[in-house]
Amino acid sequence: MEANNKAPANALAIQKPEVTEEQSSGDEEILMGGESPKTEISDRDLDPSKQTARRKGPKATPRELRLIKTNHKYLKQMEESNVALEELKLKLAEKVEEAKGKELYISQLEHKVDSYANEICDLRSRLNRVGHESDSWHERFLKADASYHELKRAIRNLATDF
1 MEANNKAPAN ALAIQKPEVT EEQSSGDEEI LMGGESPKTE ISDRDLDPSK QTARRKGPKA
61 TPRELRLIKT NHKYLKQMEE SNVALEELKL KLAEKVEEAK GKELYISQLE HKVDSYANEI
121 CDLRSRLNRV GHESDSWHER FLKADASYHE LKRAIRNLAT DF
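In UniProt numbering, the protein residues as written are 1 to 162.
Honestly, the hints are just simulated from the structure, not real lab data.
Beta carbons: idealized from backbone N, C-alpha and C, even for Gly.
None of the hints are false.
Okay, derived cross-link-like pairs now, DSS-like style, lysine-lysine, Cα gap no bigger than 27 Å in a straight line:
hint, residue 1, residue 2
1, K100, K89
2, K102, K89
3, K89, K76
4, K73, K59
5, K73, K89
6, K112, K102
7, K76, K91
8, K59, K76
9, K69, K56
10, K59, K69
11, K112, K95
12, K56, K73
13, K91, K102
14, K100, K112
Have a look at the derived ranges for each label pair, beta carbon to beta carbon:
hint, residue 1, residue 2, range
15, E103, L142, 56 to 66 Å
16, E79, K112, 41 to 51 Å
17, E103, D135, 42 to 52 Å
18, L123, A146, 29 to 39 Å
19, A84, R124, 56 to 66 Å
20, L151, R129, 26 to 36 Å
21, R126, K91, 47 to 57 Å
22, T61, N82, 24 to 34 Å
Whole structure, please, built from the sequences with the hints as guidance.
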């Protein structure tokens, strides 16, 4: 049995092919990102009139045909869902931009509210100050009025005494 295993190994010995100048430059092109002359596809291979759709082997069973049909149906649904997904992504991006704009607008409004709150606070303090000043002026007016009436009485008393 071991003899059988050794015989095929000798028969299948790998021989290194000889490399010509043309082949070596092609290998270098492959390593550098170019195309090898071996991998070039000629235009005649792509000619649709020369290509046939003959299938070798047995014909498809009804089950295989059903599977192919459902596979195509699912592929079509997947493509439609991908299109719908892309549309949803675009709508989501628009909504995000709209939300960013609204967020900016809200921050501007908050800034305005803060500035108006500061103005209101300043006006209240000025109102309090004016109120205190008016109270002091009212007190002064009352004192001046009382002094005026007292002076008037004193003048009457002096006039009646003479």
